[in-house]
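Novice: Chain by chain, the residues:
There are 2 protein chains.
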Amino acid sequence: MDALGRHLLLELRECNEAVLDDLKYLEKALVSAAEESGATVLDKSFHHFAPQGVSGVVLIAESHLSLHTWPEHAYAAVDIFTCGTTVKIEVAADALIRQLGSRDPSLLEVKRGVFVRERKLVG
Amino acid sequence: MDALGRHLLLELRECNEAVLDDLKYLEKALVSAAEESGATVLDKSFHHFAPQGVSGVVLIAESHLSLHTWPEHAYAAVDIFTCGTTVKIEVAADALIRQLGSRDPSLLEVKRGVFVRERKLVG
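Going down the list, the protein sequences come from chains A and B. Residues in the first sequence are numbered consecutively from 1, following this note's numbering. Residues in the second sequence are numbered consecutively from 1, following this note's numbering.
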């Protein structure tokens, strides 16, 4: 089934709480995950919230990665959205699960840009 | 069912093709949609691709909005991710459907950060 984009929604529970409030660590983790997966980083934007929590987005030539953390719940919501065939999206997912120390990760993949009316889904 | 975040995935088909390649228009549309919905814009990052297409992310105090456009398919993938109760997420979705002129929009909502093991889903 052809799709323009692949979008992974990662639910990272039971993370290492200390890193979830560390903007510099998370920025490095998200950028490194993008680079390891073969993506080209174009820009990044991160913000630390009071009293805790970090949001960050990394714009890549192949779409984007984002994360939002709730240290008080040891939880992070991570999205990895790519287009094209060059980015190894699972490499980025594995890297972020590892970097955030999630002991209870789950993942949903959504295909984006599938045009059902214009084509058959099979063949 | 309590969730830390609400995440709308918008599939915008049959958009106005001209605006899908107009970075400045899309930047204004995404920022305006965020502001109209009650979100606080922290940062933004947009990129135009050759020969066509735009990617953009807007970091908000309540999470993020993103878009990726394929003018050749008259298609845009838009995400609106919010936490808390102050942002009227549907207002942002309606605004973007209208601004991009989508005549065949669809929408998926995903609740992010639901901790099933720690609580009952009902009551």
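Errors might be hidden in some of the hints.
For lysine to aspartate or glutamate, the following EDC-like pairs were computed, each having C-alpha atoms within a straight-line distance of at most 16 Å [to be verified]:
hint : chain 1 : residue 1 : chain 2 : residue 2
1    : A       : 88        : A       : 35
2    : A       : 88        : A       : 36
3    : B       : 88        : B       : 35
4    : A       : 44        : A       : 27
5    : B       : 88        : B       : 109
6    : B       : 44        : B       : 17
7    : A       : 44        : B       : 2
8    : A       : 111       : B       : 109
9    : A       : 111       : A       : 94
10   : B       : 88        : B       : 36
11   : B       : 44        : A       : 43
12   : B       : 28        : B       : 43
13   : B       : 111       : A       : 36
14   : B       : 111       : A       : 109
15   : A       : 88        : A       : 109
16   : B       : 111       : B       : 94
17   : A       : 111       : B       : 36
18   : B       : 111       : B       : 21
These stretches of chain A come out as covered by chain B in the derived footprint (C-beta under 8 Å, 3 or more residues) [what the hints assert, rightly or not]:
hint : segment
19   : 8-22
20   : 26-40
21   : 73-87
22   : 105-116
Just some of the chain A residues that point at chain B, by a computed CB distance under 8 Å [as the list claims (entries may be wrong)]:
hint : residue
23   : 5
24   : 43
25   : 48
26   : 99
By construction, these hints were calculated from the structure, which means they are not laboratory data. These figures come from a predicted structure and were not determined experimentally. Ideal Cβ placement from N, Cα and C applies to all residues, glycine included.
Novice: Against which earlier hints does the structure fall short, listed by number upward?
Specialist: Of the numbered hints, 6, 7, 9, 13, 16, 17, 18, 20, 25, 26 do not hold.
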